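I would like the entire structure built from these sequences, with the hints used as guidance.
There are 2 protein chains.
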Amino acid sequence: MSPEEEKVLDVNKNFYHALQTLNLEEMEAVWLQEEWVRCLHPGWDILEGWEAVRESWQQIFETTKFLRVSLGVQSVRVEKAMAWVCCTEKISSAAEGRFETTYVQTTNIFKLLNGDWYMVHHHSSHLPTPWNNPAAEVVQ
Amino acid sequence: MSPEEEKVLDVNKNFYHALQTLNLEEMEAVWLQEEWVRCLHPGWDILEGWEAVRESWQQIFETTKFLRVSLGVQSVRVEKAMAWVCCTEKISSAAEGRFETTYVQTTNIFKLLNGDWYMVHHHSSHLPTPWNNPAAEVVQ
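Protein chains in written order, with the numbering used here: chain A, 1 to 140; chain B, 1 to 140.
Treat the hints as calculated values from the structure; they're not laboratory data. There's no promise every hint is true.
A pair holds if it fits inside one copy or across any two, identical chains being indistinguishable in the list.
[Stated by the list, open to error] Below 25 Å or equal to it, Euclidean Cα-Cα: the simulated DSS-like pairs (lysine-lysine) are:
| no. | residue 1 | residue 2 |
| --- | --- | --- |
| 1 | K65 | K13 |
| 2 | K65 | K7 |
| 3 | K7 | K111 |
All of these numbers come straight from a predicted model, not from anything done at the bench.
Here it is in structure tokens:
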């Protein structure tokens, strides 16, 4: 793996750490705060612009009591100052009295700016069935 | 809209034309045929490499009798030799005796090579409810 690919995966990891700890400040540090960044949460309308994206995370973090992420596949591609990562995740969460485990596929796009990588696009979608990953721990 | 953005949207349109006409040759012309391209069809495992991606389209085209796509939102961003498009689509299809209409959100990533844009990543996911687009035609 190239040093640049490792850097991208580090920021990708920071994103999931922010998500798991429901930490808005960490989430803010991951994103490029521009009006053209976009985010597609499962089942939501497309969000465009940092303000809308930030508000969505704030809303998700405020209504979520607990969240754990197990990352499966992480596939990265770097093209000069742009990069994208495909991930498969198992997300266990508790919100509004419900507890659920979902399997999610994600495309995260990053941009290199002044030597640092920032998220500029996040698209995650539910998988209808558990993903086939023998290495993953199964929570019953 | 910049000329480069228009070019990207033209290739994006070619992708949906190939999809709608179930035309594998047109689909082949849209993609960069590299081992690192990736494709996430709704509910499928992540496909990596042109061979796997091509086979998936072949399989989809062989088992689909009819497909119509209505494009809703199309939001494009160009960063030098990379670009990505967010789309919302309504897809009506007939396959194996079933007829269904689904609402889909998509992230398509493109790379500029020798003056032409090619698809290098396609991630589409079902929306659980009809998307809110008053301009869209409703098929009953």
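Q.
Within a copy, between copies, both or neither: which one fits K65 and K7 at a CA-CA cutoff of 25 Å?
A. neither (30 Å within a copy, 45 Å between copies)
Q) How would you label the pair K7, K111 (within, between, both, or neither) given a Cα cut-off of 25 Å? A) both (12 Å within a copy, 21 Å between copies)
Q. 25 Å Cα cut-off: does K65 pair with K13 within a copy, between copies, both or neither?
A. Classified as within: same-chain Cα gap 21 Å, cross-chain 42 Å, threshold 25 Å.
The earlier numbered hint that this structure contradicts is number 2, and it is the only one.
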